[in-house]
Structures are given as structure tokens and as C-alpha cells.
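**Q** Going down the list, the protein sequences come from chains A and B. Take the first sequence: its letter number 168 is residue 217 in my numbering, and every next letter is one higher. Take the second sequence: its letter number 528 is residue 711 in my numbering, and every next letter is one higher.
Hints may be right or wrong, so weigh each one.
[To be verified] Chain B stretches covered by chain A per the calculated footprint, using a threshold of three residues with CB under 8 Å from any CB of chain A:
1. 381-392
2. 742-751
[As the list claims (entries may be wrong)] Here are the simulated DSS-like pairs of lysine-lysine, each with C-alpha atoms no more than 27 Å apart in a straight line:
3. A:K704 x A:K643
4. B:K462 x B:K653
5. B:K762 x A:K246
6. A:K634 x A:K708
7. A:K176 x B:K278
8. A:K380 x A:K544
9. B:K837 x B:K685
10. B:K462 x B:K837
11. A:K246 x B:K676
12. B:K314 x A:K138
13. B:K628 x B:K653
14. A:K380 x A:K553
15. B:K762 x B:K676
16. A:K176 x B:K384
17. A:K147 x A:K712
18. A:K141 x B:K278
19. B:K785 x A:K147
20. A:K246 x A:K138
21. B:K671 x B:K767
22. B:K676 x B:K785
23. B:K653 x A:K176
24. B:K278 x A:K544
25. A:K324 x A:K176
26. A:K147 x A:K380
27. A:K712 x A:K544
28. B:K653 x B:K685
29. A:K246 x B:K384
30. B:K628 x B:K584
31. B:K278 x B:K384
32. A:K579 x A:K606
Hints are computed from structural coordinates only; laboratory data are not their basis. Cβ coordinates follow ideal geometry from the N, Cα and C atoms, glycine included.
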Amino acid sequence: MAFLRRRKRPDDDPDTPDEDDDKTSKSHRRGRKRRKKNYSCLDNCCWLVGCICTTWWLLLFLYNTMPSSFPQYVTEKITGPLPDPPGVKCVKEGLEPKHPVVFVPGIVTGGLELWEGHECAEDLFRKRLWGGTFGEIYKRPSCWLQHMSLDNETGLDPPGIRVRPVSGLVAADYFAPGYFVWAVLIANLARVGYEEKNMYMAAYDWRLSFQNTEVRDQTLSRIKSNIELMVETNGGQKAVIIPHSMGVLYFLHFMKWVEAPAPMGGGGGSDWCAKHIKAVMNIGGPLLGAPKALAGLFSAEAKDVAFARGIAPGVLDSDVFQIQTLQHIMKMSRTWDSTMSMIPKGGETIWGGLDWSPEEGYLPSTRMPANMSSRCGQNMSDTRMCDPSRINYGRLISFGRNVAECRASDIERRDFRDVVKGNNLANRTCRDVWTEYHNMGLDGITAIPEYKAYTADDLLDLLEFVAPMMMQRGTTHYSHGLADDLDDPKYAHYKYWANPLETKLPDAPEMEIYSMYGVGIPTERAYIYKLTPTAECYIPFQIDNAAGDIDEHVCLKDGVYTVEGDETVPALSAGFMCAKGWRGKTRFNPSGIKTYVREYDHNPPLNFLEGRGTQSGAHVDILGNFQLIEDVIRVAAGASGKDVGGDRVFTDIFKWCKKINLKL
Amino acid sequence: MASILRFRKLCFIEPTTKTYESFETPIEEKIQAIKEQEIDKNKKKRPVKARGWRCVDSCCWFIGCMCTTWWLLLFLYHCLPAGFKGPESPGVRLKNEGLTPLHPVVLVPGIVTGGLELWEGRPCSHGLFRKRLWGGSFTEVLKRPLCWLEHLSLDDETGLDPPGIRVRPVTGLVAADYFAPGYFVWAVLIENLAKIGYEGKNMYMAAYDWRLSFQNTEVRDQAFSRLKINIELMYVTNGNKKVVVVPHSMGAIYFLHFMKWVEAEPPIGGGGGPGWCDKHIQAIMNIGATFLGVPKAVSGMLSAEAKDVAFFRAMAPGLLDSEILGLQTLEHMMRVCRTWDSVISLLPKGGDTIWGDLDSSPEDSQPETHLTISSDKINNTKPQIELKQETKYGRIVSFGKAASEQHSSNLTSHDLLKDYLLHTAANCDEMKTEYGKISREGIMKLADNKAYTAGTLIDLLRFVAPKTMKRAEAHFSHGIADNLDDPKYTHYKYWSNPLETKLPYAPNMEIYSLYGVGLPTERSYVYKLSQSGKCNSIPFRIDSSAEGNGGAGALRGGVYSVDGDESVTVMSAGFMCAKGWRGKTRFNPSGSRTYIREFRHKAPASLLEGRGLESGSHVDIMGNVALIEDVLRVAAGASGEEIGGDRIYSDILKMADRVNIKL
């Protein structure tokens, strides 16, 4: 109270009450103000803070006392009655849990927590470094980077640091607070009656190469025994596997691993998959890789392979900070072997050569989403189309727009492979951020644009040239080729297991494989690069943002050619295996496992109340797509691929597949 | 209105002061600008302002001041370097000694410490999907208490989920690392294990729904199958190293049940075969085990007054004791607790043989030295001797202080079930507790100058809570076996009673009993009839006015105490390892070695120590440095001899001697 009195006294002073009356003489007022100010300013601040706090508390209180059905009521008032969530719909139809369900999360969506760290991370024991609020990035960025990186040589833990995947459903239900990944699917499955005993999240450390997750954490063994347990305790009902994104490749690897003999594999015997798996429902799987991963490895510019950009786009794009941040990210993400699993696979056969590609003739604007076509029908005719014949999707990386568009015969390429790399460029001005680009020397760097255009076949050589250390690690764990003879004994090595073009599916004729992915969003397919002007400490290559059409319907935007897909994975990569490579009895699918392609057309949310949309087709948001969830529930409750409607295709995926000349 | 105007004005001023960090010109320029713009508004405002600061403003100012100071302090606190460090943790010390993980570790939590989350509920639980109902911050208790109680209850017929409600245990290490924010259970042990190199792949939390009877955790959630397969997995993936199991409290008898289950034949058992435990288990380190039950569970069942079996009271002691709210709360609690079968597993086992009869008990002539540590040291010499003869711990429940002290021949004999089965069709509308069915006369006769021992207690409970006991006794048994080879003992209801099962054949397995001593622990109670004649009210209460004479006696607030860890008596935690299983006995046919490790309670020296590094109390002992070191050493491969064999402070060996049991 003494406080109050002291503060009040000047106000009650007989001199001051009529201070504001005097509006003619401002100087007089000013003088008095000055006398008062050492109270008023501080007091006003306090007053303001108090006001804000009180209002905030009041609102918080009101919010907490608000009946929980209120937001839904408002939404329904605005948009009309909401459709039943698929879980409720299925319960009304009488569906019950039948098959246990296993989720396999993709890259970056799984949480990672600290088990042992350096001094700077002392109080973070068992706190999330990845996932959650990411508060530590801001508090101690370099410490965070240090702990998230793996060892450059081994691709395993650096000495003294142990970062481990979070386990259980919490590992990937939400990526950050409010940003769901699996949560919506889990909630809907729970409505039908699922719970932890028949749902399992196969969380793994997504930074490691697939085989290393077994070597370090025995993750594959863990998944195996958990599937066995669930099948056993659910009365022998086989499991339904739902991998997402990179999880698709991971599970492919798992299926080969579990049947392989013991030291390298899991020793489950050749009928393990047939006995334990009913269906594999791949969601947005980059089965043949994603061009985005390429850009990520080449210049750390992938937009959500590492999500890091999304977290702070402004900071990264500003010229001042860009250099160091991107280099830090590149340095970190290049220690992650898993990113190499998503380099485009199958070479020119799949991704197209200098002068052809399966998607050629495709224009981003030709196919409108089903419900949009009526609205925009007249627009389409007006739009000036770019010349489809000029787009060469096969040139995944071209230096300069004219290279990307000219005919193949006009490109003069000088081979970069024999160029002698110059001296180490790294000097003290670059501080401690060291990337492998510093080892290339000026000659090496200038040799790269001389080659002009890179197709899927040249990619590996390119990456090996710019990042020899990383690729040396990577090529022992992954292969990106196309098998001529699958019976070659070399294909028993685990590095081929995650490449669908170099492995046979297990012998499980009753199993079903679904490929479910979103379409209707432009997806990165090929890039136009440029040399960064000053190459000393920078990453020497950059996507040429300036290259692009200004028009709304464009072939080229910000240096990126886009095709149909889910924003991250092109439809071709997600759908090809199920549409052609594995369809019927082929050499990749000797037992004739049935495959289904299910596409989900992207419909952006109508208003912000819908959040990330119930009809989204985007790579991660598709996990909240009602149609997809319904399909999953039906299959988990016992339906077959035919029952849920067989193929469901919006794109020209079958036409594209036809253009791919692959021996089956 | 005025305040809003002023508020707006301040909004204009505020940013400028902050950006320019100057106090003079910018403000005035702004003020001027505002003035010029809104002259007419100023006219209205002026008289208001002339009044100066009003009450609301002062309040705002005050709150603002507090907040700013608070933030400032918070900011400073966060800026502080992590300078203050406690003593070196045992994990770091042992790591420097060169300890590395050898055996995988399985943690088995006890009752109430595991988290429970909602998977399906009634409409009132909207928005709580996969949120914790039990554990965590308990905010829902306060927000919607009735809804919360409804969801935590089980079905009182089956002991399983009520229709439409699915509450499931949280899985993983998070299940029981912290009970509430800042209140650790396993977290300290986990952290120390991690220091020497443990991580998710060789540490497993066997979380289970602690409300269910043990066998039902398998029936509903397949918790045993899950535990079995995880132990097998860890055994294989860690280079065929056997696991070290660390059960706490009720987890000890849960794991005992598991060991019998895993070797039994399916469909009741896990079908692991008779060598399973020998092959997979290195050691069992029971912490504060409730092997022979706890008297606390009796008072919990009778009158819902157990202090931390259910933790309820600790949360809001004032509320419960008040007469107005108290009755209802206690009854609700009792109704909920009585649907939990697991509580029955904690009733005293072994009858009069273990717990003493009307006239004598193993603890009777126990010197009171440990107890007097906490009490007055001056006058504990004379009264103590007199008291010794009077304290009859065997009478676990006596009605009236007199009944607890007088000679047994003066007590009314009791033939409960024969004499007065006076169940009336009571005229209470809502049958909230089972007491509503018992007539007042019946209750009077139950209480008439009676004392109940461990043997007759079960009859008493059967009488006052027939439904609960009927359900639960299909899952638990509380006797002593005469002949363990009797085929009836293959039934699962005997598996969690160490006096009615043989240990599995595992001659190389080690069994430790680690528990705290030096804290007064409830052993027997003096009850009275509660005055309220309202129907449905709980007719008995602990007679908290009953005090021992001299003040140094064990009777305090209606409760006789003995040595223990505040929840579990020394006898209950230590007897099996001290005598029942020691050497080759009929309970331990393969002669698994047993060790007793006692930890003398020492209250935390200062506030900074938190809950103490040398605590001996039931849950806080999980942070006891010496105990952690023992666990770490065994996990790293040491045997019981190497960590020092028995370590005893109490009279457990003498007491065990006094128990007359065939071995």
C-alpha cells in the first residue's frame, strides 16, 4: 500500500489537477510534464502491463469456462453442418478393430530426444531436441546443431552424444504443438475401438541409414517382435502397416531384412511377411526418390526435407544471415544418411533423359482439381500456355534457363568427372563452418556448370564429385540403380533393400500394397541452378530464383519446374511401382501381390476454421484427409482393396508409366 | 470509457518509448500529435483525467508492477549460469569408475504412480482424448470432478472397463517418471542409469493399469505378454544378457505374479516353460515391496482413510476433513477405490501367523529406539517399557482404545457371518457405497468392543463390502499354504501371494529387498463409530483422538506405528527375503539367493535438497543415492555379495525369527 500512496501523492497535489485545462500554453504544460515524468512513464508502463495482463487473464478465464462444443457450434453456423469424422461414420456402420495397425513415420516427423550430451546441453536430458517446440534452436543454436549432427565418418553417434528417437505414439502424433502428423488418424482409429495394444508406432531415428537403426538401436528387431506380439495377442489377425513418406522405403527395407538370414537380417524365414502382414498402405511414399532431396543435398535448399527453412524463412532468405545458416544446415543434414535414400532412383529409365521424360507434355495448368474445373473452365482457354515441348523434365539440374529449354543436340557439355580439384579454399574468414565445397577448389566448382545439364544418370556422379565423403558413406547403405537381373547374388546385400527397382517383394500372395498419395499440387521436378557470384565461403550453387515466368499458369517458377504431385513427392515416384512395376506378376513382384493406386485430389481448406483441411492432398496434411482415413479404417477393419474401391486415379499416371520402358 | 481512451493513447506512446529509449521528446511529440488530431475527444477526456488515478487504474498499475517484477526475476533466473550444482550424482561417479551397461533393466511401477490416459469416454470428457486423467497436473479433478471420478471407476461387477469408457495406461518411460510435474518417481533412477550408458533400447518401463487385478491386465491389455516379449527382445538384442528387474511397491507382487504367469501353460499362463525365469532374469531388486500387504490398505477399504494408498487425501487434506464436504468426498472416493481390484492385493497376507493374533505379534517386543528418533528423547525411557506390554499390534483394527489394550479374554468373540447378517433393504435412494445396505444395528454389533486381527479382518471386509470382496477374491488370496504342491495352487489367484506360491526354478537369480527404515509406519488402528446417522455415510472413522499415554507411545492419532518406510512395514517388505525365501525353503525350492538392503531415513538437510538424497520414505527412496548406486552396480554386473550382502538397521531378523512358519 505504501507504493500506492507514494505514487498517488503527486496526482493529488493541488497544483496539478487542472494541468490539462491549460491548452493554450503548451510550453507551460511541457514544463509541468517534465516534472511529473519520472512517475508517469514508469507508472504508465506498469499500468499498461497490468491492463494487458488482466485482460489476458480474463480472456483466458472465459476461454477455459467456455463449453467445449462452442468452437464447433460456431464453425457449423458459418459453414453449415460438418461431415462426420470418418471414425464416427465407420462406427455407425458397425466397423470394429480387426487387424492391428502399425504406423511407420517418415523423415523429420519423428521426435528425437537427448540421452547424453555435451555440457551445453546439460539440462536437456530426455527433452526433445527435434519435434515439440524447438525452443532450443533459438536458445543455443550451435549447441543444437552439434547435437543433431551425426558423425561424419560413421554416420552414427558422435562421441559423447546420444540422441535417440522418442518411442510410443507420442513420437510422431504431433510434430510441433498444434501441427498434427498422425494424431488425426490415431484419434479416428480410436473412435472405432483401437488403442495402444493394437496400434504401434514404429518410431526410428530417421537420421540414420536404415540398416544402422538396427545396428545402433535394434529398431528393426523391435518392430519385428512388436508385430509378432500384436498378431499373436489379436487372435492371429495380420497387421496393417501404414508407412508415410520415407517410412515407405524404411518398411520396404524392413520386409527384406526380416526374411533375410540372421547376421544381416532378422531371420524370420521366407514366409514371415505372408504370415504377419495383411496390407501395406503407403502414404505419399517416395518409392523412386524425390527431386527435392537432390536440391537439399546439393545446395541445402530443399524446402521441407529439413523443415528448417520453414521454421524461419525470413532469416534464411535475407542476405546477411543466409550464408552461415545454410552452410550450417548443409553441414548437419549431410551427416544424415537417410536423406540419401531419397535421391531419385532408376536413372534415365525412370526420370527421363536429356530430351525426353515420362511426364513430357504435361502442363501444370491442364488438369484442374475436379471441383474447380467448372469454376475456372473459361479461364483455362485464355491462359497463355507455355510451350510444352520446351520443358525437359529429364534435365533435373540445368545451369541457365536456355540450357533447360534448348534441344539436346545444342548442349555442349564438358565432362566434370576428370577435373582436378583445386586446393582447399577454406580459410579463416569462413570461420568454423566447413562444408565439403571447400575441398573442391575453384577449378572443381567451375567445372560443374560446364556440364550444363544433369539427368538422373549423372546425378550420382555429380554428388560424388561435390560431396565425396557423404556419398562414400551413402553408397554403402543405398543403391539408386535399376537391376537387370534380380537373381544376381549381389542383391542380397542390404544396400539394395530400400530400392524397389533392385529388390523383389517378399513371397506373400495374399498381401496387398496400396499407394495412396495426394495430387493436384505443383511438385518440384527439375531445377535451374546458377553459380553464386562470390564463391569463397558460400555454397557455390543456388537455385536461380530469377528464372521463371510471371504469368499465373507457368511452367517455370522461381527456377523450379513442377509436375503433378503432393508438393514433395511427384506422382510418378509415389505411384509408378503400384501402377506398373509391381502390378500383376512381374520380376519385382514374383508372387503377384495385389496393388492399388489411390489418389486424393487436393482441395485447399475453405476457411481458416478448417485448419489444415479435411480434403488436403499435401504431403503431410494428407494424414488428415477424411477420405484417406476412411480407407485406412476400412482396410484395418477387414476390407480388401476391391471393397474400398480398387484404383482411384485422377492423374495420367498410367499414361506416364507406359512411356517408361522397363523390363518387367 | 476514460480508461479505454487512455489505454489507446498509451498504446501510441508505448512503442516510441521503447524504440527510442528516450523519455522526453518523442512522447511529447506524440502527445501533441494526438492532441491535434483529436481535440474534441480531448475535451471529453479532460475532466476525467483531472480526477487522477482511480481505483481500477491503481489495481492495473499494481498488477502491472507485480508482473513486470516477476518477469524480470524470471528472466534473471534464466540468465543465471547453471552455477549451482548439487553433489555429484551416483551415475557420474560410477561412470568415472568405469561402469557400463551390462544387463537390460526393467522397471515395474507400483500402484498410483503410473499415468492413465483416456481413449474413449462419455460426452462430459470431451477434449480429453489421450490426455492424462491420472498423473500429470490433475487439473481435470478440479474442473469436472464427477466426470473424472466416473471415468476412473471400473465396473463393479467385472472389475473391467465400464461400458463406453476406455482408460488405458500410458506406455513408455514417461508412464511413471514423474507422477506430477516436479514430483519424481522413476526419473532420478532413469537419469542415473542413462549416465552410465542406458537408453531406450535396454531400459523398459512395464507400465500397466494399476487399477485392475493382475490377471486382468493380461486379459484386457495383454500387459504380461507385452512384458514377456520385451524382456525376450532385450535379452536377445543385448547379447543374451539377462535382465535386472526393478519393481517398486505393488510392482513387486505384480512381478511375482508375472513370474508364475510366464512359466504357466497357456491359456492362463504365458507358456514360457519352466526355465524361462532362469534364462531371462538376473536379479529382482524389489524397492519398498508390499509382499505381505500393508495395514494401510485395510483402513483404505474400511473407511477410505488411507493416507497415500490413494494419494487423495494428500491433495486436499483440509477439504476432506471438513464436515460439510468431507462426507461426500470420502464416499465418492470409497466408491471409486472399491472398484479397483488391485487395492485388495495389498491387504495383509498370511493371517495371524505373520501379523500376530489378539495377544502377540512379531513386532511386539520391538525396542522403540528407531521410532523415538523422531520423538522426544527425554521421556522415552520409562513409559516405553509400560507401553510395550500394552501395544498389541496384532489387533489391526480395534473399536475403541480400550479394545486395543485390554486382555483378549475381555473382548467379545465374533462370529460375524453366522450371527448377524443383518443386511436390510436400506431406504437410501442412491446406493453410493455398500454401507448403505447394512443396517445400523449390524454396524453397532460389528463394532461392539471388538478387535480384529489379520485373520478375522478378511471376514470383516467380506461383511461390509461383500460385492468388492467377492469380485476381488477371485483374483487374490491372502492365506498361507500348508501344502504348496496342492494342485489348487496352480490357480492364478495365488500367484501374487508369496506365501502361497513357490518361486520359479532359478538357482542363479538373485532377489533383493530394498526398503527404507526409520519412519513410523501405520500398523494398526483404533476405530470409532462416526456420529452421523445419515444413510450412505461411512459408519467408521479412525479415532484420531486416541492418543497413547506419555506421548512417546506408538499410538498417535488413533494409529499404532512400527518401523517402516511410512507405507510399508519392515515385516512386509523384508520378511520373505529375511526368512521365507532365505536358503532352500518350500517357498524357494531352487534356493535363489536373497539379500536385504535397508536404507535409514534421513530427512533432507536443507530446502535445496528437495525430497532428499538419503530419504527412506516409500516413494522418495527412489531418489536415495545409496539405493541408486546399488541398482546401478547390479545392472552393471555386480552380484549381491559384491555390493555388500545384507545391510540391516532394523530388527527384521529378530522379528522374522518370532514368526512361526513352516519352511
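**Q** Run every hint past the structure and note whether it holds.
**A** For each hint, the structure was consulted:
1. 381-392: Check passed, 3 qualifying residues.
2. 742-751: violated (count 0)
3. A:K704 x A:K643: holds, 20 Å
4. B:K462 x B:K653: At roughly 37 Å apart (the allowed maximum being 27 Å), K653 of chain B and K462 of chain B break the hint.
5. B:K762 x A:K246: With a Cα-Cα distance of about 40 Å, the restraint between K762 of chain B and K246 of chain A is violated, given a limit of 27 Å.
6. A:K634 x A:K708: Holds, because 20 Å separates the two Cα atoms, which is no more than 27 Å.
7. A:K176 x B:K278: Since the Cα atoms of K176 of chain A and K278 of chain B sit roughly 22 Å apart, the hinted pair holds (cutoff 27 Å).
8. A:K380 x A:K544: holds, 24 Å
9. B:K837 x B:K685: Given that 27 Å is the threshold and the Cα spacing comes to 24 Å, the pair holds.
10. B:K462 x B:K837: violated, 35 Å
11. A:K246 x B:K676: holds, 24 Å
12. B:K314 x A:K138: Holds. K314 of chain B to K138 of chain A sits at ~23 Å (cutoff 27 Å).
13. B:K628 x B:K653: Holds, because 22 Å separates the two Cα atoms, which is no more than 27 Å.
14. A:K380 x A:K553: violated, 35 Å
15. B:K762 x B:K676: holds, 23 Å
16. A:K176 x B:K384: Cα-Cα ~17 Å, so holds.
17. A:K147 x A:K712: With Cα atoms ~38 Å apart, K147 of chain A and K712 of chain A exceed 27 Å; violated.
18. A:K141 x B:K278: With Cα atoms ~57 Å apart, K141 of chain A and K278 of chain B exceed 27 Å; violated.
19. B:K785 x A:K147: Not satisfied, since the Cα-Cα distance of roughly 54 Å exceeds 27 Å.
20. A:K246 x A:K138: holds, 23 Å
21. B:K671 x B:K767: The given pair, whose Cα atoms are some 23 Å apart, holds under the 27 Å limit.
22. B:K676 x B:K785: violated, 38 Å
23. B:K653 x A:K176: violated, 46 Å
24. B:K278 x A:K544: violated, 37 Å
25. A:K324 x A:K176: violated, 38 Å
26. A:K147 x A:K380: Violated - the C-alpha atoms of K380 of chain A and K147 of chain A are around 46 Å apart, more than 27 Å.
27. A:K712 x A:K544: holds, 22 Å
28. B:K653 x B:K685: holds, 25 Å
29. A:K246 x B:K384: Distance ~20 Å between K246 of chain A and K384 of chain B Cα, so the pair holds.
30. B:K628 x B:K584: holds, 17 Å
31. B:K278 x B:K384: Answer holds: K278 of chain B to K384 of chain B is near 19 Å, not above 27 Å.
32. A:K579 x A:K606: Distance ~15 Å between K579 of chain A and K606 of chain A Cα, so the pair holds.
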